[in-house]
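Protein chains in written order, with our numbering: chain V, 1 to 154; chain B, 155 to 565.
Hints are not guaranteed to be accurate.
What the hints assert, rightly or not - Here are the simulated SDA-like cross-link-like pairs (lysine to any residue), alpha carbons at most 25 Å apart as the crow flies:
# : chain 1 : residue 1 : chain 2 : residue 2
1 : V       : Lys125    : B       : Gly499
2 : V       : Lys125    : B       : Ala185
3 : B       : Lys524    : V       : Glu42
4 : V       : Lys84     : V       : Ala56
5 : V       : Lys125    : B       : Lys524
6 : V       : Lys125    : B       : Val496
7 : V       : Lys125    : B       : Pro525
8 : B       : Lys524    : V       : Ala56
9 : V       : Lys125    : B       : Asp182
Unchecked claim - With the C-beta cut set under 10 Å, the calculated list includes, among others, these residues of chain B facing chain V:
#  : residue
10 : Ser186
11 : Asp498
12 : His503
13 : Asp504
14 : Ala507
15 : Arg512
16 : Lys524
17 : Val532
18 : Ala533
19 : Ala534
20 : Ala560
21 : Phe562
22 : Ala564
The hints are simulated quantities; they were obtained by calculation from the structure and are not laboratory data.
Every residue, glycine too, gets a C-beta built ideally from N, C-alpha and C.
The residues making up each chain are set out below.
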Amino acid sequence: MSMDDLYQEIILDHYRKPHNRAPSLDGEAVHVHHSNPLCGDEMDLRIRVADGHLDAVVFDGEGCSISQASASAMTDATTGRELKDALDLAEDFRLMMHGEGPSRPDDLGDGIAFTGVAQFPVRVKCALLGWMALKDAIETHERGANAHTVTHEE
Amino acid sequence: MPIDVEAVRSHYPVLDRELDGNRLVYLDSAASSLTPEPVLAAMDRYYRWSRSNVHRGVYPLAEEATDLYEGARGDLARFLDADPRGVVFTKNATEACNLVAYGYVRAHLGPDDVVLSTVMEHHANLVPFTQAAHAVGAEIRHIPLTEDGQLDLEVAQQLLADGRVTFAAVVHVSNVLGTINDVARLTEMIRDANDAAVVHVDGAQAAPHLPVSVRDLGVDSYAITGHKLLAPTGIGALVARPELLDRMQPFLTGGDMIRDVTLEGATWNDVPHRFEAGTPMIAEAAGLSAAIAELQTLGMDAIRAHERAFTAELLDALATVPGVRIHGPKDVEIRGSAVSFVLDGIPPHDVGAMLGSRGVCVRVGHHCTKPLMRCLEVAATTRASAYIYNDVDDLEPLVEGIEAAAAFFAR
Ligand SMILES: Cc1ncc(COP(=O)(O)O)c(C=O)c1O
Numbered sequence: 001m002s003m004d005d006l007y008q009e010i011i012l013d014h015y016r017k018p019h020n021r022a023p024s025l026d027g028e029a030v031h032v033h034h035s036n037p038l039c040g041d042e043m044d045l046r047i048r049v050a051d052g053h054l055d056a057v058v059f060d061g062e063g064c065s066i067s068q069a070s071a072s073a074m075t076d077a078t079t080g081r082e083l084k085d086a087l088d089l090a091e092d093f094r095l096m097m098h099g100e101g102p103s104r105p106d107d108l109g110d111g112i113a114f115t116g117v118a119q120f121p122v123r124v125k126c127a128l129l130g131w132m133a134l135k136d137a138i139e140t141h142e143r144g145a146n147a148h149t150v151t152h153e154e
Numbered sequence: 155m156p157i158d159v160e161a162v163r164s165h166y167p168v169l170d171r172e173l174d175g176n177r178l179v180y181l182d183s184a185a186s187s188l189t190p191e192p193v194l195a196a197m198d199r200y201y202r203w204s205r206s207n208v209h210r211g212v213y214p215l216a217e218e219a220t221d222l223y224e225g226a227r228g229d230l231a232r233f234l235d236a237d238p239r240g241v242v243f244t245k246n247a248t249e250a251c252n253l254v255a256y257g258y259v260r261a262h263l264g265p266d267d268v269v270l271s272t273v274m275e276h277h278a279n280l281v282p283f284t285q286a287a288h289a290v291g292a293e294i295r296h297i298p299l300t301e302d303g304q305l306d307l308e309v310a311q312q313l314l315a316d317g318r319v320t321f322a323a324v325v326h327v328s329n330v331l332g333t334i335n336d337v338a339r340l341t342e343m344i345r346d347a348n349d350a351a352v353v354h355v356d357g358a359q360a361a362p363h364l365p366v367s368v369r370d371l372g373v374d375s376y377a378i379t380g381h382k383l384l385a386p387t388g389i390g391a392l393v394a395r396p397e398l399l400d401r402m403q404p405f406l407t408g409g410d411m412i413r414d415v416t417l418e419g420a421t422w423n424d425v426p427h428r429f430e431a432g433t434p435m436i437a438e439a440a441g442l443s444a445a446i447a448e449l450q451t452l453g454m455d456a457i458r459a460h461e462r463a464f465t466a467e468l469l470d471a472l473a474t475v476p477g478v479r480i481h482g483p484k485d486v487e488i489r490g491s492a493v494s495f496v497l498d499g500i501p502p503h504d505v506g507a508m509l510g511s512r513g514v515c516v517r518v519g520h521h522c523t524k525p526l527m528r529c530l531e532v533a534a535t536t537r538a539s540a541y542i543y544n545d546v547d548d549l550e551p552l553v554e555g556i557e558a559a560a561a562f563f564a565r
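Using the sequences and the hints given, assemble the complete structure.
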């Protein structure tokens with residue numbers, strides 16, 4: 001197993017200087033907390049919604065570089081998108097983590113750097129954490145709720 | 155006699171493997187040990203030469219199979235200085251703990267009783283007892299840690315003071331901190347407070363590494379798991395006083411564990427067979443005997459001395475790496491060979507990935523001790539754990555790998 005296959009430079013950049021990392025969000029519509037007990041990853045994700053669009057997406061949390069960097073790249077790729085479009089992109093990323101070629105590589109932005117993670121099954125969960133939290137936040141919003149907590153079991 | 159590590163290593167074919175050009179350095183024996191050739195040979199011989207079911211067979215093969223299986227019971231009893239009538243084979247330590255929780259705690263405790271546990275338990279020795287305590291309405295109390303990761307026996311004394319603790323489940327050696335608990339003393343304290351109390355010990359991390367006399371510890375039951383002491387996966391045991399087993403309810407029912415069966419009911423076989431329903435793990439029992447022979451040839455005192463010396467070197471080596479913080483006692487007299495640490499600012503998963511890419515096998519995560527992780531205020535640790543096939547030549551790859559992770563992930 002090579003470190004370079006897993007840890008692309010883009011991933012390390014997001015890990016070192018995460019984008020949209022914040023412990024709170026003005027005008028927050030939904031706050032979800034997701035954890036991955038097996039590896040100890042914890043993630044708080046907050047979204048603000050305007051006109052059916054993701055007006056802002058911020059995350060905060062603790063965990064391995066893959067989970068933190070992936071969440072950072074996710075916020076860049078999804079901010080400004082329509083809610084349904086963001087859900088669709090999250091599904092594209094999920095399929096990519098299960099070895100399928102992404103159908104929207106350009107829209108995934110830096111998220112595309114995580115393609116190699118699919119070869120490391122134990123790390124797939126880490127890369128998915130932020131995306132799954134986003135999906136949950138949007139669905140929570142659509143249900144008319146404003147908070148939700150999810151624990152991802154093995 | 156000191157351990158000749160080169161000779162030991164020659165019994166483990168996997169140690170000849172290279173991973174991406176790196177020598178395999180196995181520092182994850184607290185999760186599972188490697189398997190030596192004689193253990194593989196014993197299992198192979200059973201399947202090729204004596205293959206048949208145990209008990210009730212009247213032909214030579216069946217007698218051989220029965221001898222292998224019952225022989226393992228005797229070997230394990232001698233290895234742990236216990237009564238063979240108290241040895242119940244299970245699939246692992248987890249099942250042995252569940253056996254006590256279902257067979258004893260749920261059958262005998264009630265709302266007036268208190269279960270004593272500790273904050274350093276593996277989930278295997280915690281969850282079955284919290285569940286059982288909830289089911290019967292018993293209270294549960296936990297012994298906390300001292301600064302250096304030992305059980306706080308002063309607080310334990312207070313927890314025992316009202317005499318209501320009638321059952322205790324305590325780990326002998328922590329799989330995270332490495333702490334060797336003074337189980338004999340704690341057992342005495344528990345019995346001084348209530349002489350009818352039953353003491354169950356999780357010996358999963360002790361039996362592979364220390365000379366253990368269940369008799370001298372004075373406990374009522376002791377759980378072990380084969381795969382951590384050179385034996386195959388799929389076999390463990392509850393090593394108990396036969397009198398405790400006599401008072402326990404059957405847990406799994408079916409063949410082999412009965413004396414007589416009518417269409418309406420059944421009467422139970424004698425202990426320990428009462429707790430072994432169905433066809434047991436015969437090849438694994440043969441493997442366990444071979445594993446015990448391997449350990450006894452080296453000598454448990456020699457194994458302990460070897461690991462103590464190695465752990466001292468390991469602790470010294472880790473102390474030279476900037477940013478490494480060790481969780482657990484620094485004094486090798488009161489600790490075993492599992493050493494947990496965190497590297498400042500760098501997630502354990504990434505440290506483990508870097509080490510793994512260099513052929514160094516360590517474990518990262520919560521190690522099935524979530525309550526302990528909360529006490530230590532960490533989400534996860536990296537753990538290096540040694541056994542008889544580790545030597546000081548394994549330290550350099552470990553330390554270099556940690557330093558490489560520190561450089562690679564530096565922010
Ligand atoms: C202290 C301790 N207890 C119990 C267990 C459970 O062992 P097993 O999974 O073989 O049942 C382990 C191993 O992970 C352990 O380290």
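Hint numbers contradicted by this structure: Numbers 8, 10, 11 and 20 - these are the hints that the structure violates, sorted from lowest upward.
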